[in-house]
Each structure stands twice: as C-alpha cells, then as structure tokens.
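Visitor: Sequences and hints are given; from them, build the entire structure.
Sequence lines, in order, name chains A and B.
Per this note's numbering, the first sequence starts with residue 1, numbered consecutively.
Per this note's numbering, the second sequence starts with residue 1001, numbered consecutively.
A hint or two may mislead.
[Said to hold, decoys possible] Here are the in silico distance ranges between beta carbons for each label pair: (1) A/Leu-167 with B/Leu-1319: 50 to 56 Å; (2) B/Leu-1113 with A/Gly-108: 35 to 41 Å; (3) A/Lys-178 with B/Asp-1116: 39 to 45 Å; (4) B/Pro-1159 with A/Ala-93: 53 to 59 Å; (5) B/Pro-1093 with A/Asn-104: 52 to 58 Å; (6) A/Leu-231 with B/Asp-1116: 57 to 63 Å; (7) B/Leu-1111 with A/Ser-210: 29 to 35 Å; (8) A/Leu-167 with B/Thr-1340: 31 to 37 Å; (9) A/Gly-136 with B/Gly-1322: 37 to 43 Å; (10) B/Thr-1004 with A/Asn-104: 26 to 32 Å.
Calculated directly from the structure, the hints in this document are not laboratory data.
Virtual Cβ for every residue (Gly too), placed ideally from N, Cα, C.
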Amino acid sequence: MLAVMELQVHYGGIAAVKGISFAVEENEIVCLIGANGAGKTSTLKALARMIPSHGEIHYGDQRIETLPSHELIAMGLALVPEGRGVFARLTVAENLMMGAYHRNDAKGIGADLERIHALLPRLMERRNQVAGTLSGGEQQMLAIGRALMGRPRLLLLDEPSMGLAPLMVQKVFEVVRKVAAEGVTVLLVEQNARLALEVCSRGYVMESGSITIADTSAALLADARVRTAYLGE
Amino acid sequence: MSTTTRERIGLLLVALALIALPFVLAMAGTAWVRIANFAVLFVLLSLGLNIVVGFAGLLDLGYVAFYAVGAYAYALLASPHFGLHLPFWVILPIGASLACLAGVILGAPTLRLRGDYLAIVTLGFGEIVRIFMNNLSSPVNLTNGPKGINRIDPFQIGPLNFSASDTIGALVFSGPIKYYYFLLLVLLAVILVNRRLQDSRIGRAWVAIREDEIAAKSNGINTRNIKLLAFAMGASFGGIAGGMFAAIQGFVSPESFVLNESIMVLAMVVLGGMGNIWGVIAGAMLLSFVPELLRYTVEPAQRALFGKLLVDPEVLRMLVFGLALVLTMRFRPAGLWPETRHRRELDENRA
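Guide: The following block contains the structure:
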C-alpha cells in the first residue's frame, strides 16, 4: 500500500533522514521506533508532504512525492501530527467536522460520526466542550477521531503516547488496535518501543536518519540490540 | 415576547438611531458628522483587518497599505492630476481590485511566515507602499510625492453632488450627511459579507489555519490558497475604505498612511475582540469617538478649571489609549466583546 524508496529529508545542510526505504502492506500495523532525533517524525512529515524531501513515495499505484499535502486526505492518507494538533478553540464536534472538510456526503459524514461515537464514547460525551480544555489523552483520541472522519485507508500516527500518563497510553493504543481492526492500515511512529511493538506486526528501527533493523515485532522484541537500546534491559 | 421579535425590534431601533444620527450630530456641528464618517471608515478597515488577523490569525502590521492603494487609485482616477474624472462606482471596484492584488503580492511571499516574522514583513510592506507614494513624483510624476493629490472629485450620483448641500423639506442634507448614508450602506454590505464568510467553509478553514496549520493541511485544507484569500479579501475591504476616504477628504498624501494608522486599526480589532464582527465594530467606534470627545472636552475643561492649558489633548489621547489597552489585556484578554470561541475557552479555564 505504501512503498518508500531512498527517502531523504534535509534541514538546511543537516540530513535528518538519509535515504531510507520501507513498505507497509494493506491492513498492517507497522511501527517506526527509535530515539529522539532519529528522523522518525521527519519521515512521517515527508510522507504527509508537510516538508520537502527526495526519493520516491508510492501510495497504492500512485506517486505522491510531488503532491501537495491537502490532496492526500481525499486519497485516503491521513496524518495525526505530533503533539496532536487539535483545534484548541473549536469544540470536539467542530474538530471532528473539520476532519470531514474535504467531503460533502452529509449521509456518510453522519454515519462516520456514529462510528466514532461507538469507538470513542467518552469523548463524545464532551462533544460540545472546547478541545483545548480536554486532557492530553482525550486530545489524542480526538486527533485520531478527526483523522478518521476523513475516511482514511492509511493512518500515519506520530507519537500518540507523547506526554500521556501510562494508563492513558494504554487506552490510546487500544483505540489504535480497534481502528486497525476496522481495516485501516496504520504506520505508527513511537518512542515507546515496547508498546509499539506489542501493537504492531512489524517494525523498523531508526537510528540517526537510517533504518538499522527491520523485522517482525516478535523478532524485534527478542533482539538483543533492541532490548538493550530501546526496551531498557 | 419571543427573542426573535425582541431582536427584530432591537435591530429596528438601532437602524432608526443610525438613520437619525447625522441630523443629531449636525446640531452639534458638521465636524461631528465628519467624525462619524471617519469612525465608519475605521469600522470598515477594522472589519477588513479582522478577516486577516481575527479569522485567519495572520498578524498584519501593514494593513494601511491597502487603504493607501484604494485611496490613491481613487485620487489618480478622479482628480485634475491626470485630468481623469471617472465616476466613483467605476473607481471603487478598481481600487478594491488593486488592493486585492496588493494583498496577494504581500501574501504570496509571506505564506510560510507566522507570528512575529509575518508581522515584521507586513510592517515593512506597509512602509514600502507609503515610501513609494512619497517618492513616485519623478521622473514621471505619478503620485505628486509628499505634496499629495488634491481637488479629488466628490461622489456624484446623477444630479446628486456629495460636496454640496441639498434641502428636502426641513432637512438639510449636507455633503458629509450624504457620505454618511453611503458609508452606512457599504458598512451594511460589508457586515453581511463578513457574516456569511464566517459561517462558511472558508471561514472554518481560516479558523483551522489559525489553530493549527499542519492539522489543517492534513484535513485537506489548501492552506496556501485559503491564506491568500484572507489577505486578498481583507485588502479589498481596505481598498474600498481607501477610495471613500479619498473622496470624503478630497485630498490624499502619504502622511495619511503611516504605520500608526495600521497600529490604530489593529488596536481596534484587538480591543473590540478579535474574530467577533460586533466586537470589532465596537472597538473601532470606541477608539474613533473617544479621542474626539477628549479633544472637545479636555481643553475647555482645563481652561475653565486652571485658566490655561496644562495637558495637550493629543498627549492625553495616547495616554488614555495606552491605559485602555493595558486594562483590556488585564481584565478582558480576548477583547471587550470576544468571539464566543475565545470566551468559551477562557471561561472554562477559569472554572
């Protein structure tokens, strides 16, 4: 579904992503793990066309590296940005409606609202609350819900656990699992390697701009290098 | 009585008051009608700037440039300077279009900038336009430089000349009163357009960009076009106001378009309540009328009390201004009459 070849991202003269290649298949949950500054977020931003990059990005049978970011959601590719990026002064309901900005099928939008209601019942209790007043975890749920309102086929999730209490992280990952079970392919970027690998089927380890290890989650969880560097053992 | 009926009666009363206002003001002197006209011009400017600053969240410190473009467009096309005397209903749209173009020219290179950086560039743009007006007098005399352009044609609708008085029955329609009614009509149109914009898809896209640009993009908003649209629409309103300014004043010079004017309009938007049309109108009214009231009361009051002038009203004006802004920021940080979104957020933070 997604195939990346020799992706490079530069900030000024500094190379943040140094020519990585990887793929995500339909209905997979794949994670990109690594330390701070390894280039994970840059990779995701490049995929969502938020920053310029070199290399090929194949999505389905299309090349998307030349497309502007706002056209991707209509193609089924949605980004949940790092730090959630909810519209703080809009209500929960208004945020969700912004997720359907590019759509004009009122019936479908209504049905999707129902779907998200079922997925995130606690959030929908606060549908008229301003998003900026939600807790971090609720904001993360909202950001995911908003992305789902665009009916994505591939969801790019950037650090959903960032700044959340452990219990909340569990809940967020539970939602990610449910979303994936509904048939949405997920590419997850995470610093919390253990949690990510528990949810994902496969993973890539990034280190200073390159992919150093690629394997199934089970293998990565057993890998000595991963265990010492990322699982704290 | 239901709320809608009550609202309708309220609106009717406001409309009647606004219609009667110039005749009441004329009793105190035609100068007050002129002051009211300038207040409405500032309301128009504030509503235009509110699109850029309030709706889209783009801090623009050079807004007066668009006012200048509109004013000079009118001045050049309806004055002896080039010997052109086009009717106002031809020039106002031209002025608006030119200002719109200027808005896009400013917007395009600043699309990536936000906050302070955008403020600095727009500030520079405002100054560039003013300095151009100041210096485009040679080798080809386009703007007549610092001397400005005078003897600008007033509005003329058929036999109705806006610089002369007409008497209908017992009512004397002086020039300023005619302009007042025209301004009121334009204001009504601008308010309607603003309200429709705010509730539209475009309005929601502006809010999204203001809140989080990356999220807006990933929701499928073409941030580039939507931002340019904000600049262009805001600028067009500024251009229309500028054209009317030129006609009312009969004279334009670069001096009218200094940075201070941009800051004044921005202060009106911020003081009134960014993003809320009614708040912005209130802010513009307040900051237009209060200084004039001071001018007419402070000097006589001091002379009566102390026998001489101790504090120049002009000095006092800036003092009151500063104080008003400080107090607003302290006690009503979202403005006197904030947008419901701002208010909601602040209330819930307090709770």
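Visitor: Output the indices of the hints that this structure fails to meet, ascending.
Guide: Those not satisfied are hints 5 and 6.
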